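Those protein sequences? They're chains A and B, same order as listed. Following this note's numbering, the numbering of the first sequence begins with -4 at its first residue and continues without gaps. Following this note's numbering, the numbering of the second sequence begins with 5 at its first residue and continues without gaps.
Don't read these hints as lab results, they were simulated from the structure. Predicted model only: the values in this text are computed from it and were never measured. Ideal placement from N, C-alpha and C gives every residue a C-beta, glycine not left out. Check the hints yourself; a few may be wrong.
To be verified - The calculated lysine-lysine pairs, modelled on BS3-like cross-linking and capped at a C-alpha distance of 25 Å, are: (1) A:54 - B:216; (2) B:31 - B:84; (3) B:31 - B:134; (4) B:216 - B:177; (5) B:13 - B:31; (6) B:177 - A:24; (7) B:246 - B:148; (8) B:13 - B:25; (9) B:177 - A:54.
To be verified - One-sided excerpt, in silico: chain B residues whose CB lies under 10 Å from chain A: (10) 109; (11) 110; (12) 170; (13) 172; (14) 173; (15) 174; (16) 177; (17) 178; (18) 180; (19) 205; (20) 208; (21) 209; (22) 210; (23) 211; (24) 212; (25) 213.
What the hints assert, rightly or not - FRET-style restraints, in silico, Cβ to Cβ: (26) B:187 - A:32: 29 to 37 Å; (27) A:79 - B:14: 50 to 58 Å; (28) A:56 - B:42: 28 to 36 Å; (29) A:44 - B:218: 21 to 29 Å; (30) A:66 - B:181: 21 to 29 Å; (31) A:44 - B:14: 45 to 53 Å; (32) A:44 - B:232: 33 to 41 Å.
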Amino acid sequence: MSDVDRGGKPPGTVDTTGAVCPMTFVLAKMALDEIGEGDEIIIRLNEGEALANVPRSIKDEGHRILRLTDNGDGTYNLLVRKGAPPEGPQ
Amino acid sequence: MEADYKALKNGGFMRQRQKNKFSMRLKVVGGDLSAAQIRVIAEAAERFGAGRVHLTSRQGVEIPFVDLRDTEAVKAFLAKGGVSAGVCGPRVRTVTACQGDAVCPSACIDTASLAREISERYFGRELPHKFKLGVTGCVNNCLKAEENDLGVKGALFLELDGEACTGCGLCVKICRDGALSLAGEEGPVRLDPARCNNCGRCVSSCPSDAWKGTPGYRLYFGGTFGNVIGIGEALLPLLRDKEELFAAADRAVEFFVERGRPGERFRSVILRAGWQALADSLAGALAGRAGGGQ
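Input sequences plus hints: build the corresponding full structure.
And the structure:
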């Protein structure tokens, strides 16, 4: 689907577990801004508020959540594929 | 000076400690004002008041220090800018609302349009006592549905597309009521309706859009938050549409009119008649609707 060839390079990780709202979302958004459309990134989240809000925000911004992995230590890894930039003025 | 008591009788002017000074209550629906309305309010406060406004606890705006002589003039001035007077006394008061699904990612319903419809239907209606209505978009309850005589809280009827569910478990983790569980590694998720409060967090968080939500309305009756603190009770199942909502709300208002004594708050009437009497009356109103229930 994507014409970007990552050559099998594993996606990078952004760790939000040291932050609280709104920085959890800001960190995720900044990381997504730095990768290309169709590229993937892992976002590490705390359970609770970050897990409840960050995936929803990412989905609302047009990105695709591919997988959620329970790290077993109260944190989760969210694998996200960057979506197309939103239409209209931002 | 010719005192104009007509404006006073029509309501919206609250007597101040200072002789012949009034705090003018403005009509605001759902806490929503345009910038143009705010400009005309600001100008009115400078011309006819003390250059200040007061924001009330229920999203209202008041202009204090309006002189008795200016009551008609300030009303006319504000009317040209699309702002009208509020009400006081034994009437349906300001209808409050959060920003709702037009703005807020958490909201399940369009609170702004619902607040306008409710206001158009009931605002200013004379009843045995004051009557407050409020609309909140979701279980986060920013607008405190249960403290109103009649409060509305948005929720979602839930449906799972088992084919689309990947069994990722995100909704299971974020459900605050423990209503969801995973059948196996790959899902699909199972819902326990007895534990579900229809908050819709599963819908908004689902990565694969497997959860579908249809807006619904939870009504709370008999809340008060003044001299008496009383939490409104949800006496009905989640309602499907505005027709059901207004059938129930109309009946609640009728119940108040039929049974209320002058100066008696809705909650007192319910306590006197019994919660079950109101619940039965409301259920009757819903059952009596032609083709209702779907």
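Structure-based check of all given hints:
1. A:54 - B:216: Given that 25 Å is the threshold and the Cα spacing comes to 15 Å, the pair holds.
2. B:31 - B:84: 14 Å, holds
3. B:31 - B:134: 15 Å, holds
4. B:216 - B:177: 18 Å, holds
5. B:13 - B:31: 16 Å, holds
6. B:177 - A:24: The hint holds at about 22 Å.
7. B:246 - B:148: Given pair residue 246 of chain B, residue 148 of chain B holds - Cα atoms ~20 Å apart, limit 25 Å.
8. B:13 - B:25: 15 Å, holds
9. B:177 - A:54: At roughly 17 Å apart (the allowed maximum being 25 Å), residue 54 of chain A and residue 177 of chain B satisfy the hint.
10. 109: The hint holds - residue 109 of chain B has a Cβ within 10 Å of chain A, the shortest such distance being about 6 Å.
11. 110: Result: holds, 9 Å to nearest chain A Cβ.
12. 170: With a minimum Cβ separation of about 8 Å from chain A (threshold 10 Å), the hint on residue 170 of chain B holds.
13. 172: 4 Å, holds
14. 173: 6 Å, holds
15. 174: Where the cut-off is 10 Å and the nearest Cβ of chain A is about 5 Å from residue 174 of chain B, the hint holds.
16. 177: Holds: closest Cβ of chain A sits about 6 Å from residue 177 of chain B, inside 10 Å.
17. 178: Holds. Min distance 4 Å.
18. 180: At about 9 Å, which falls below the 10 Å cut-off, the nearest Cβ of chain A leaves the hint on residue 180 of chain B intact, so it holds.
19. 205: 6 Å, holds
20. 208: 5 Å, holds
21. 209: 5 Å, holds
22. 210: It holds, given that the least Cβ distance between residue 210 of chain B and chain A is near 8 Å, below 10 Å.
23. 211: Interface hint status for residue 211 of chain B: holds (3 Å vs cutoff 10 Å).
24. 212: 8 Å, holds
25. 213: 8 Å, holds
26. B:187 - A:32: 29 to 37 Å: 35 Å, holds
27. A:79 - B:14: 50 to 58 Å: 56 Å, holds
28. A:56 - B:42: 28 to 36 Å: With a Cβ separation near 31 Å, residue 56 of chain A and residue 42 of chain B satisfy 28 to 36 Å, so the hint holds.
29. A:44 - B:218: 21 to 29 Å: Between residue 44 of chain A and residue 218 of chain B, where Cβ atoms are some 26 Å apart, the hint holds.
30. A:66 - B:181: 21 to 29 Å: Check passed, 24 Å falls within 21 to 29 Å.
31. A:44 - B:14: 45 to 53 Å: 48 Å, holds
32. A:44 - B:232: 33 to 41 Å: Since residue 44 of chain A and residue 232 of chain B have Cβ atoms about 35 Å apart, the given range 33 to 41 Å holds.
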